[in-house]
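Those protein sequences? They're chains B and U, same order as listed.
The C-terminal residue of the first sequence carries number 222 in my numbering, and the numbering is unbroken.
The C-terminal residue of the second sequence carries number 437 in my numbering, and the numbering is unbroken.
Treat the hints with caution; some may be incorrect.
To be verified - Partial chain B-side listing against chain U, Cβ under 7 Å, derived:
(1) I55
(2) S59
(3) I83
(4) Q105
(5) V108
In case anyone wonders, no lab produced these hints; they're calculated from the structure.
Every residue, glycine too, gets a C-beta built ideally from N, C-alpha and C.
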Amino acid sequence: MEIKINQLTKQIKGVTVLEDITLTMQGGKIYGLKGPNGCGKTMLMRAISGLILPSSGSVEIDGQVLGKDISFPPSIGLLIEYPSFVNGYTGLKNLQMIASIQNKVTEEQVREAIQRVGLNPDDKRTFKKYSLGMKQKLGIACAIMEDPELIILDEPVNALDEAGISMVRDILQDYKKRSALIIIACHDKEELEFLSDEIYSISEGKITGHDVLPGDDSK
Amino acid sequence: MKKQTNLIIAYVLVIVCSAAVTISCIISARTSGYMPVAVDGIFVFGCKGGLINLLFPLILVYSTLYRLRLDFDPVYVVRRKSKIDMWNRVFVYSYVICIITVFTSMVVGGIITLLYTHKWQYMGIESIMYGEFAKTGYAMPQQFHYGTMFVISLFINSAEVFVRVLIALGIYWFTESQVFTIIMIMVMRIFLDGRMAKYFALWHYKVEGGAYYTELCSGVRIMESILYMLIAVVVIELLAYIFIPRKNFYK
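Isolated chain B (complex conformation) (with noise of 0.2 Å):
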């Protein structure tokens, strides 16, 4: 999979939220944006997955402009903010759902997702009643149940513990040996470098830095 960004800028009401971003992505690595709140992190992501369209400039992902050719990626699982799942459901539920609408994997591999991340399928509790850490989890199960080629996380170790962030490492580790495009933001600049083959700095909704890191077998 390869992303390629020329010139996008994005302007919501007047104000300008990207700006002349131009960058590729390949799949096999593990991309990090970092900034500060509110510098246009989120909405980069949302551009890539097609949850916006630019106001100029492209998005395309292996040579389909966004968009134009296609509405959203074909091979994406996500992570933005907080997923609205259904609070009366349980975390097994709430991911059949969602795998439904394409009806690409089973039952048994929304099951395996789940348990990959930590928590039980079989729980009978509803989602209201995880914890903010299990929810946490079960967005991210959400991301990975269908093996997707392009995996788009937002702080995805937020309110994770110890054993939920070392997890978290595993699962990208894994999916970026299958050749997967993982473009991860994470506030915690020790974390973000220690997943990242690359780093893009944003401020104000620009590049206004690149980090190739040296690679790591360790990680």
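Got chain B; can you put chain U on it based on the hints?
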């Protein structure tokens, strides 16, 4: 609250509203000195303007918004084929619930009126034909069938609800405000039924109480009604196909 519960509540509301309006119409008719019959209940009371133009759109739009409340969440959005695919789901779902709603309302109207008056039809066919000719100037055909009338009436009335529901849902798509959408349904009620309505194409396919035999049976307005309904739906769909791909999801 689960999806099914929401649908059941909406359906019960439809039945209660239809029954309340029908009973009110029967009382009003009796006060005016005439005895309504089951046919009046089906074709007039069950399709009363207040139901078709305000109450049903309000109930159905609110129910649809509740059912589709997760549709704009990123995890749902990116799994759809396209934004048009998302809209098409709304389109089909809305049409189905409009048909079911109007069908229910017509049946409830007919049953309640029949229970009140124990009469299916007030006059013989000759009297109806004479009365309608005297009232409207339109000559009725010798043969007509209540089944056909029912289907046509169901089609036209459900289309009127459908057009309003579609407009309201289109408004919601771009404002993402439930309150504004509900307010706009009330504004539509005033705009489409008020004095300006005569300049609006939709007005033409309104089946008016008291002239329904002629309108539904003679064919004078059936084709016109169906044509206007189709034009309204096609125009809404064309606008949807132009604007919906431009929709941004900021949630």
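Each hint, compared with the structure:
| no. | hint | verdict |
| --- | --- | --- |
| 1 | I55 | holds, 4 Å |
| 2 | S59 | violated, 14 Å |
| 3 | I83 | holds, 5 Å |
| 4 | Q105 | holds, 5 Å |
| 5 | V108 | violated, 11 Å |
Of the numbered hints stated above, those contradicted by the structure are hints 2, 5, listed in ascending order.
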